[in-house]
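First to last, the protein sequences are chains G and S.
All residue numbers for the first sequence refer to the numbering used here, where the first residue is 32 and numbers rise by one.
All residue numbers for the second sequence refer to the numbering used here, where the first residue is 3 and numbers rise by one.
Read the hints as simulated data drawn from the structure, not as lab findings.
Since this is a predicted model, take the numbers as computed values, not measurements.
Glycine residues also receive a C-beta, built at the ideal position from the N, C-alpha and C atoms.
Incorrect hints may appear among the rest.
To spell it out: a stretch of chain S is covered by chain G in this simulated footprint if at least three of its residues, at any positions, have a beta carbon under 8 Å from a beta carbon of chain G; those stretches are [unchecked claim]:
{"no.": "1", "segment": "180-186"}
{"no.": "2", "segment": "194-207"}
{"no.": "3", "segment": "211-222"}
{"no.": "4", "segment": "240-250"}
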Amino acid sequence: MSEAILKIRNLTVDFPGLGETVHAVRDCSFSVRKGEILGLVGESGSGKSVTAMACLGLVPPPGEMRGSVEIAGRQVVGRTHGELMDLRGGTAAMIFQNPGSALSPFFTVGRQIVDVIVSHQDFARRSARDLAIETLRLVHLPDPELAVDKYPHQLSGGQRQRAMIAMAMACEPDLLIADEPTTALDVTIQAQIIVLLRELAQETGLSILFITHDLGVVASLCDRVAVMYAGTIVETGPLPELFDAPAHPYTERLMHTVPRLGSGKTELAYIKGQVPNMAHLPVGCAFHARYAHASEVCRQRSPAARPLGGARIVACHHTLGAPHLREVAARGAG
Amino acid sequence: MSALLSVRKLSKSYGSRWGLVRAVDRVSFDIATGETLALVGESGCGKSTVALSLLRLIEPDDGQVIFDGADFGAIGATRRQRLRRNMSIVFQNPYSSLNPRMRVRDIVGEPLFTAYGLRGRELRARVEGHLRDVGLGPEHMARYPHEFSGGQRQRIALARALALEPRLLILDEPTAALDVSVQAQVLNLLRGLQDRLGLSYMFISHNLATVEYMADRVMVMYLGRIVESGPVEQVFANPAHPYTQGLIDSIPSTNPRLRNRLKPLGGEVPSPLNAPPGCPFAPRCARVMDACLAAIPPFESIDDTRSVACLYPMEQEADS
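All chains should be modelled from the sequences, with the hints used to inform the complete structure.
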């Protein structure tokens, strides 16, 4: 197994409020290996964005972060602002859902990329500009020599997302954290960005932590997936194995709710109930109220993550109980 | 099936500093009683402008909207207002379409008070009935929107839209703001209500899988024009317009083994300000010919139920 670029161990993020504390991330552990694209999947409010922010020490106050986050061997938790500034945009870069609000409207795209380059590397502004044009070419922005002098509002949504990826790639980071970068885009543009990210990972050996709620995007892009529910990772494993036979009931239900082209008018499945309130989590497994086969142990004890064979990990008391999972266990053992 | 709603050559342009934007250009279609017609296309193609023009929430420049035989443009304000009760709309974002300062009973009751002057016990009973239709109970009536989840809010918006017992409901991306795990609940509810109440739907979406689930017929829009229309199964299984094919090939499959089938369309939607002279899709089309650049292809029928605006439509597989 190759080395881990991002290694998260027992990450916990709490947001203390008036009289109650929101437990946004609860005891999360996972890693992203060199050259790997890991999909972090979950519904709104599951804590995936907070996890992403925590990776770069960007948890907004009054959030409190505990545990360990290592990027390329350097600890993030407990670092000062100055130490983290070196990391952000250098070793690890981030792209966001809405490129329209993540880019500054006051400066040209080129100026914003040059700023990143000169703050991390020993470059004169003039040669940094050439590098900026090269990075724009890398992400296939049309006419990079002209685009470099454009303001974000002069670009389309898809072009802006490419410009933001270029900015993230400017200092050749080891890790790219992508927080729903295609959610605000049309499907045709989303497909272009998926192909671009695949290409970048292949050609530059970049590792990507890709956060999304869209299982289709995960299936099209990622090597491995971590499923998040109510602030914690319920299941991780490689593709396509995990999609073939999900081990956690939540993953299994979630996959059934995705409408697929070609299934016609068959009634759509859904998950009963709602995501629990993160300030008042139920005792036991956070998913038990929405799981039809929940037993006494689900209501009493929170399940620990355990290996399942085949590089898969699941946090569920029932993994081996359901028939479709016995098969997985057998395959994992064999 | 007779048409409940007929739209003929609907057009809407917006003036801007840089010139005229043709948001909707001579769009015509019919919706029959009990039918669901879907409208798909990328952002900015004019889907929402069509929806809002039907309700006269924006005034179209040209064209006719005929509901149940009455031409909206030709009748007086009073009759138009009464006719409007037959059509209603559910918007995309239930976080912004519900007034945060109104209780659920007032949100759903307001149209009943405005249209029929209902109040007191009578109003309460009606509101309760409409909430029951969407799966909410009387205990929800005194609550405010912030006390509900996204899926429940969309149910409230739906109850409000149903309050005047409309015959046609316009659904403008009704599940785009919801998580997948609850999206299905709302779609199933909509299908159930349609069967029970005999409603017609205009379903606007960019998600082809939900369109396939919901709709009988589909229209694909590109830069303000309809480029393809037909029964949903046929159009998706056998698209005639290269743009429809491009949309289908852009959907990421949930099967990781099929990831190489993802074939993005090149380029982006051109600016409507300087649309190319010929086929608006020509700059992105892999099958483009010289004739495509000369003139806009006419929207013509290729069989009894399907039409396409393409000079070289894709081969139709014979029924096997």
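Hint by hint, where does the structure go against what was stated? Just the numbers, ascending. 2
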